[in-house]
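Whole structure, please, built from the sequences with the hints as guidance.
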Amino acid sequence: MSTGTPIDVPWRVLPDYRCFGCSPSNEHGLRLNFTHSGDGIECVLRVDRTFESYPGVVHGGIATTVCDEIMGNLLVLKVGTSVFTTTLRTRYLSPLAVGVEYRCVATADAVDSPPYRAYAEITDPDGATCVTAVGTYQPATPAQARERMDLTDTEADLIESALADLRRGQ
Amino acid sequence: MSDDVISTVTGIVAGEFGLPAADIGPDVDLGSLEGADSVKVLRAVAKIERTYDIELEDDQVFGLKTVRDAATLVVATLAEKEPSGGGR
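Which chain is which? The protein sequence lines are Z and E, in order.
Heads up: the first sequence runs through residues 1 to 170, numbered per the working numbering.
Heads up: the second sequence runs through residues 1001 to 1088, numbered per the working numbering.
It is possible that part of the hints are untrue.
Example chain E residues on the side facing chain Z (calculated, C-beta under 7 Å, incomplete) [what the hints assert, rightly or not]: (1) LEU1042; (2) ARG1043; (3) ALA1046.
No lab work stands behind these hints: they were computed from the structure.
Backbone N, C-alpha and C fix where the C-beta goes; we use that ideal spot for every residue, glycine too.
What follows is the structure, encoded as structure tokens:
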């Protein structure tokens, strides 16, 4: 059950944060907003014809992207480090329709040691499952994150500070 | 074959089809159940995968006819996941 409490993902400390999945300032992106949901997090997904596949059908890659996005962010919030997807498996049960509001919920196994494993499920307004996904993720050290991402020193410090807050449970 | 696996799979199928578990014998053709369609079968498969933390291949999934078929596949897949042991 969603508690409705909005979640600020750590990337929002970056002035020019453009994540395709969750940045509010990427006009071409999905602009997903996450809220707490039990031990996991959830988001609402409703897309227009920009992300269409067959007429009226949401492109399957978008559904997979949403699942990857929410699972990755859940693990970042739990672990307090950046994570990178290593495997991702999606099972499509029924197509998503353009303009319909779906719910996506992510949960994760215990995050004692990597690789971390997470699950996502997209359900329709009647609660029927449309998509399931499972992914595994590897954490990145600050040095690895710095090497893989295009960050200035200031931006790297901002991100690491936000992640450190998560590790301290703030 | 573990009765537990058949019982769990029957419960999952019953839930997805909206039918009493008692109406779904292990050898009943899933395609003959009231309101049967491939999406319900896939939803049951997704729930089975999550319940047992396994990943079933599509060529196996689309060959499933009965609860017993599904339970047999679950048991075989779980057995493959078991570490074989024996050291390096």
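In rising order, the numbers of the hints this structure does not comply with: When the structure is compared with the hints, none of them turns out to be violated.
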